[in-house]
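First to last, the sequence lines map onto chains A and B. Just so it is clear: in the first sequence, position 73 is 73 by our numbering, and no numbers are missing. Just so it is clear: in the second sequence, position 97 is 97 by our numbering, and no numbers are missing.
FYI, nobody ran anything at the bench for these hints, they're computed from the structure. This one's a predicted model, so the numbers in the text were calculated from it and none came from an experiment.
Quick list of in silico lysine-lysine cross-link-like pairs, DSSO-like style, CA-CA up to 30 Å:
{"hint": "1", "chain 1": "A", "residue 1": "32", "chain 2": "B", "residue 2": "36"}
{"hint": "2", "chain 1": "B", "residue 1": "36", "chain 2": "A", "residue 2": "38"}
{"hint": "3", "chain 1": "B", "residue 1": "92", "chain 2": "B", "residue 2": "36"}
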Amino acid sequence: MNLLLSALLRNHLLFDALGIIGLGLLGLAAIKLARTYKSWGGTMMALGTIALLVARLYFILHPIFFTNDLEAAMGPLGISLTIALPPLLLSFGLAGIVWGLWGHERWIQEESP
Amino acid sequence: MSCVILPPLASIEAVKPVFMIVMGVFLMIIAWRLAKGLEGWSARLIVAGTILLGVGYTVVLPLYDAGVIPRYSLRPSALSSGPDAYAWNIVKTFVMNFGWLLFGLGLAIHARIFSTTSPGRKLSPPTPVTHESPAQRTS
Chain A
1 MNLLLSALLR NHLLFDALGI IGLGLLGLAA IKLARTYKSW GGTMMALGTI ALLVARLYFI
61 LHPIFFTNDL EAAMGPLGIS LTIALPPLLL SFGLAGIVWG LWGHERWIQE ESP
Chain B
1 MSCVILPPLA SIEAVKPVFM IVMGVFLMII AWRLAKGLEG WSARLIVAGT ILLGVGYTVV
61 LPLYDAGVIP RYSLRPSALS SGPDAYAWNI VKTFVMNFGW LLFGLGLAIH ARIFSTTSPG
121 RKLSPPTPVT HESPAQRTS
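Using the sequences and the accompanying hints, generate a full structural model.
Structure representation (structure tokens):
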């Protein structure tokens, strides 16, 4: 395998960047939908996108910043928070995006019968 | 894994894949219903992105949680991560990230964030002001 391709695939850099660009576009579109159409679905989608982006930021930064010293300094409560928060953020983000998309779809159906 | 006892049905570990499957199916259904009323590339991109995301959320991630697919680890000490785990890891990252990219791009085109004209102007056209005299109205 090509060395560059192998490095890109192994470090997930390319795919992670594409996913984050997609989530950013999704957040921008959701905010624009919420502003122009005054639909609450856009707001829910934007909140879900922010939660997913925060969780992704945590997953990217975790192997770089979270050393043993930092974990010792955070204490048991901090460590349990770092274990519990990312799945909560991922679940809330997915649920928010699906709920917001449903709200926007219902809004479109009501507007154009 | 030494622990072979199945988790209880109501625990978070058991509910998480069910939640992801339900959300993935809902995402595909809602996107399909949304795309029925749309035209052009936005509908195609939204449907393609949500199908990728739906495959990821309903098939790949629950299989990871069930332990069917071996987890890929970057650490060199993990000798268990062979070519299977590597290939599945590529499939997972491709599906999840390209799904979000296509879905976000489709919704961005649908929301017209790339167009310079304001869509609010098209939605609410100003009502034409008619200048007619009372005499014309009564006649």
